[in-house]
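Novice: Using this note's numbering, read the sequence shown as starting at 15 and increasing by one per residue.
Treat the hints as calculated values from the structure; they're not laboratory data. All figures in this text were calculated on a predicted structure; none of them were measured in a lab. Ideal placement from N, C-alpha and C gives every residue a C-beta, glycine not left out. Treat the hints loosely; a few may be bogus.
To be verified - Straight-line distance between alpha carbons at most 25 angstroms, and here's what the computed SDA-like set of lysine to any residue pairs gives:
id, residue 1, residue 2
1, K42, L29
2, K46, H58
3, K46, I26
4, K42, H58
5, K46, I27
6, K48, G37
7, K46, G21
8, K46, G56
9, K54, I64
10, K46, G36
11, K48, G35
12, K42, A31
13, K48, L34
14, K48, F38
15, K42, L30
16, K48, L30
17, K48, I22
Unchecked claim - Between beta-carbon pairs, the in silico distance windows are:
id, residue 1, residue 2, range
18, G21, A59, 20 to 28 angstroms
19, G56, G23, 52 to 60 angstroms
20, A31, T62, 51 to 59 angstroms
21, Q61, G37, 27 to 35 angstroms
22, N47, I22, 31 to 39 angstroms
23, G65, G40, 19 to 27 angstroms
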Amino acid sequence: MEWVFDGIGTEIISLLAGFLGGGFIGYKIGIKNKIFQRQKGGNHASQTQIGSIVNNGNSESRK
């Protein structure tokens with residue numbers, strides 16, 4: 015039964031390192047992307063979104 019828990023400490027450390035690394039990289043990617051949106055319409059109206067996405071200084075318009 016001891017062999018079942020043999021590498022659990024290493025796996026926990028690897029899991030924590032993966033969460034920290036993935037969270038940091040995801041934050042760096044997310045902080046550089048800005049989305050500008052404009053909406054018109056009242057309550058319960060059907061709307062479409064028109065905006066531009068700015069990714070590292072490069073803008074792209076989408077409808």
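Novice: If a hint holds in the structure, say so; if it doesn't, say that too.
Specialist: For each hint, the structure was consulted:
For the hint pairing K42 with L29, the CA-to-CA distance comes to about 20 angstroms; that is within 25 angstroms, so the pair holds. Restraint check for K46 and H58: not satisfied, since their Cα atoms lie roughly 33 angstroms apart, outside the 25 angstroms limit. The straight-line distance between the Cα atoms of K46 and I26 is roughly 31 angstroms, outside the 25 angstroms bound, and the hint therefore fails. Among the hinted pairs, K42 with H58 is inconsistent with the structure: their alpha-carbon atoms are about 36 angstroms apart, more than 25 angstroms.
The hinted pair formed by K46 and I27 fails the criterion: a straight-line CA distance of about 29 angstroms is larger than 25 angstroms. For the given pair, K48 sits about 18 angstroms from G37 by alpha-carbon distance, which is consistent with the 25 angstroms threshold. Taking the CA atoms of K46 and G21, the gap is about 38 angstroms. The hint is violated against a cut of 25 angstroms. Distance check on the hinted pair: K46 and G56 sit about 32 angstroms apart at the alpha-carbon level, beyond 25 angstroms; violated.
With a C-alpha separation of about 10 angstroms, the suggested pair K54 and I64 falls inside the 25 angstroms cut-off, and the hint holds. Between K46 and G36, the direct Cα distance comes to roughly 16 angstroms. Compliance with the 25 angstroms bound is thereby established for this hinted pair. Distance restraint check for K48 and G35: the Cα-Cα separation of roughly 22 angstroms lies within the 25 angstroms cut-off, and the hinted pair is therefore satisfied. Restraint check: the Cα-Cα separation between K42 and A31 comes to about 17 angstroms, which is no more than 25 angstroms; the hinted pair holds.
With a C-alpha separation of about 23 angstroms, the suggested pair K48 and L34 falls inside the 25 angstroms cut-off, and the hint holds. With a C-alpha separation of about 18 angstroms, the suggested pairing of K48 with F38 holds against the 25 angstroms cut-off. Annotation: proposed proximity of K42 to L30 holds, straight-line Cα distance about 18 angstroms (limit 25 angstroms). Among the hinted pairs, K48 with L30 is inconsistent with the structure: their alpha-carbon atoms are about 29 angstroms apart, more than 25 angstroms.
Annotation: proposed proximity of K48 to I22 is violated, straight-line Cα distance about 40 angstroms (limit 25 angstroms). Judged by the Cβ atoms, the range 20 to 28 angstroms given for G21 and A59 is violated: they are separated by roughly 57 angstroms. One distance hint, 52 to 60 angstroms for the beta-carbon pair G56 and G23, holds here, with the actual separation near 59 angstroms. The hint said 51 to 59 angstroms for the Cβ distance between A31 and T62, and at roughly 43 angstroms that hint is violated.
At about 33 angstroms, the beta-carbon gap between Q61 and G37 stays in the expected band of 27 to 35 angstroms. Judged by the Cβ atoms, the range 31 to 39 angstroms given for N47 and I22 holds: they are separated by roughly 37 angstroms. For the pair G65 and G40, the beta carbons lie near 22 angstroms from each other, so the given range of 19 to 27 angstroms is met.
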